[in-house]
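Student: The residues making up each chain are set out below.
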Amino acid sequence: MTQRTHAARLGMWVFLASEVLLFTVLFTVYADARARYPEVFHHEIHAHADKVLGSVNTAILLVSSTLVAAGVHALKENQRSRATALVFATVVLGLCFLGIKGHEYIDHVHHDIVPGHGIFWTLYFTMTGLHALHVCAGVVTLSLVARTKHVIVLENAALYWHLVDVIWIFLWPLFYLA
Amino acid sequence: MTAVAHAPSFVSEETTITSWVLTTDHKRIGVLYLCTLLFLLALGGAFAMAIRLEQLGPGEDIMSAHTYSRMFTLHGVTMVWLFLIPSIPSAFGNFLLPIMIGAKDVAFPRLNLASYWVFVAGASMVLASMLVGGIDTGWTFYEPYSASSPTAVPLALLGVFVVGFSTIMTGLNFIVTVHTLRAPGLGWMRMPLFVWSIYATSIIQVLATPVLGMVLVLVSLDHAFSFGIFDPARGGDPLLYQHLFWFYSHPAVYIMVLPAMGVVSEVIPTFSRKNPFSYKAIAYSSLGIAFVGFLTWGHHMFVAGMSRFDAGAFGILSMLVAVFSAIKMFNWIFTMKRGAIDPKTPLLHVFGFLFLFFFGGMTGVAVASTSLDVHWHDTAFVVAHFHFVMVGGTLTAFLAALHYWFPKMTGRLYPERLGKLGALLVFLGFLGTFVPQFLLGNAGMPRRYATYPEQFTTLQRLSTYGSWVLGGGMLLIACYLAWALVRGPRCGPNPWHSRSFEWRTPSPPPKENFVGEPDFSVENYDYTREL
Amino acid sequence: MSRSILLTGVGLIALWALSFGLSFADLGHAGLPVALAIAVVKATLVGAIFMELASASASIRFSVLAAGALAALLIGLVVADIEMRDPPPLVPPGYDAAAR
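Residue numbers (the numbering used here), protein chains in the order written: chain S, 1 to 178; chain A, 1 to 531; chain R, 1 to 100.
Among the clues, some could well be false.
Stretches of chain R that chain S covers, calculated by requiring three or more beta carbons in the stretch to come under 8 Å of a beta carbon on chain S [unchecked claim]:
(1) 11-18
(2) 25-37
(3) 40-49
(4) 52-62
(5) 66-79
(6) 83-90
Have a look at the derived ranges for each label pair, beta carbon to beta carbon [as the list claims (entries may be wrong)]:
(7) A:Cys35 / S:Leu53: 31 to 39 Å
(8) R:Gly11 / A:Phe520: 45 to 53 Å
(9) S:Gly99 / R:Leu53: 26 to 34 Å
(10) R:Ala30 / S:Leu95: 31 to 39 Å
(11) A:Cys35 / S:His150: 47 to 55 Å
Worth flagging that the hints you see were computed from the coordinates, not collected in a lab. Heads up, the beta-carbon is just placed ideally off N, CA and C, and yes, glycines get one too.
Isolated chain S (complex conformation) (with noise of 0.2 Å):
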């Protein structure tokens, strides 16, 4: 491994450090105020959270991370199309998710549920928010770098990609199911 790749995915993790420690301030005040209201919490989730879609969306980001993962290993046995092809599926994937994500919004605003309306819901948008907000910035970069020859590029993105799909993996339950 070069000096370069390595400083380059080195600096990538550091950059996912502070990102996750961004987060943990909206996960904190999701365990501060489920601790003080659970009740609310559990009644809000059941009554009005889509579950249906909410679980969609899970599995579509599960499988887009399969995807990049594949496309990032066909990179580095130089199949350099395959890898542009599974990196432009990650895309789209992305889009649908960001456009169910969409509709979930415009039906909440439609039920009176906006961010202000108690600190459940705010919460519900703020971290859903900024969630989607780095879904779009992982659909930008994924579209920027589908098709570079360097590994470690196409690397870079797929753990911002990752990242944003462990996320998510928490947002689930925590909005969703209980």
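Starting from the known structure of chain S, arrange chains A and R on it as the hints suggest.
Tutor: Below, chains A and R without anything else, positioned relative to chain S:
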């Protein structure tokens, strides 16, 4: 004997404005940061002078209480985020880190350039908020007032958020640089101690600053869109704001002090002509401070309504930090013992540091005792404590660094006698300003109050006179350094005859940092051999 | 597609289905911890296999460890604070200390 440089210096090799504005040379970026930081230091100092002027009399003499609130808020915000936190790492860390490890530049030079302009953007946002009246929440922005204050809270807070982003970029760059760009054969245990301190600082910066960034965004959302995240009426918890704020802001004080300790660890061996008493102890205690610094934030919240369990836990954990600082203090003192002391200006500032940081640190242990803090919390006693460590610690070390590395960066010497006078004025002025604050606070003078009872007038006046001496000293330093920049006598590459690595290249260094390959055959700090 | 990537993807979907199915069972107070535990397993799979943490350098693994430890520290001490705060001395109207 190092090779005589025929390469042009990093200043003269290209002189267009574009070559500075778009530079990726870490030395030029360090200089850009330094100039910006000195301006912001002056601005923060101006707010301080206004505060002290108002406190000459017990009433609302030259400003209303509302204005006073803005003065101390802007003083705090400017000094903490726009000066102290970036000061030593962004100016001196940038200039010296690659040279000290024998590298040509940092790991990501373009990211480095971006970090400077992001810093300027964030600082501009904070300055813009001042132009529309500033904010009055205190530099700690506590909820719920920060969500309802009629001042430009989102603009100022998002400015700080952007500045924070810049420090994350710098920290990331430094971490990767130290891991991957050390010269061949230069192991971790041979690096200059300043590098260890910058490395530990960078770890804190990268992990703690995002927490601040996010919480400032949340307050901005509360203020601008009434999100009510910390509003109890809507299920929020105002105490949670304090947890999140101090989770960053306590490690932040170690971001401020670790680089200062790194400067001290460089200046003392040079002017004692002796190697450090224990290199490993200083290196490892830097990491120790970084680690323990994350465990103590609740000691800012002892009287806020936290659970007794947390109060107890944080009280005990806070005691641990003093252990690592004490290890360093003992090391520095024992390094000087039996050394050949040369009391040049940088060392005089370091003497000031040792004295003031010692008392600042001890009063820190005092306020970290829960039962004592019940009396001192939110009084001028705490204000005095943190000024002892931030001014007596970080600013003093910054001045030491400015003088120590002035010849390295400019190839010229500052006037030594004026340097000694400046150090004396700053030291005495500082004591005059802040010793009365300990006494005032202990007697019950609250912090952030524009008015006070008649019986505190004498001490407040003494504090203000002290601030004039301190300000005078800073002004003197600014004047003779500006003079020395253009008229100071030229010196060779190593006027201090130091053994530290950065002195083995011309002063000022060429763009590539070294002429040929760096010669690290004589060990760091080895005063038994000639270079 | 590499075998380990495919297997991990299948495993993730299987865990997803398990979590989805369990959410319909009435697990009471255990509902959230169980769901989060499954989430931890999924996140570990993504991290170890997709993000290649299993074969990463020490400095990279340390970054992850440090971030995770700090997250646990912050959330842990905040929740400990909530759980162990004394009830307020003056009772606001409508506040029922017993129900809380």
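Student: Hint by hint, note whether the structure agrees.
Tutor: Results of checking the hints against the structure:
Counting residues of the stretch 11-18 of chain R whose beta carbon lies closer than 8 Å to any beta carbon of chain S gives 3, which reaches the threshold of three, so the coverage claim holds. Proximity of the stretch 25-37 of chain R to chain S, defined as three or more residues with a beta carbon under 8 Å from a beta carbon of that chain, is established by the 6 residues found. With 5 residues carrying a beta carbon less than 8 Å from a beta carbon of chain S, the stretch 40-49 of chain R meets the three-residue requirement, and the given coverage holds. Here's how the stretch 52-62 of chain R fares: 4 of its residues keep a CB closer than 8 Å to some CB of chain S, so the rule of at least three is met and the hint holds.
Counting residues of the stretch 66-79 of chain R whose beta carbon lies closer than 8 Å to any beta carbon of chain S gives 9, which reaches the threshold of three, so the coverage claim holds. Using a Cβ-Cβ cut-off of 8 Å, 1 residues of the stretch 83-90 of chain R lie near chain S, which falls short of the minimum of three, so the contact claim is violated. Hint check: Cys35 (chain A) to Leu53 (chain S), Cβ distance near 54 Å, so the stated range 31 to 39 Å is violated. In this structure the hint that Gly11 (chain R) and Phe520 (chain A) lie 45 to 53 Å apart at CB holds, the actual value being about 50 Å.
Checked against the hint of 26 to 34 Å, the pair Gly99 (chain S) and Leu53 (chain R) passes, with Cβ atoms roughly 31 Å apart. Remark: the range hint 31 to 39 Å for Ala30 (chain R) to Leu95 (chain S) is upheld by a beta-carbon distance near 36 Å. Checked against the hint of 47 to 55 Å, the pair Cys35 (chain A) and His150 (chain S) fails, with Cβ atoms roughly 37 Å apart.
Checked against the numbered hints given earlier, this structure breaks hints 6, 7, 11; the rest are met.
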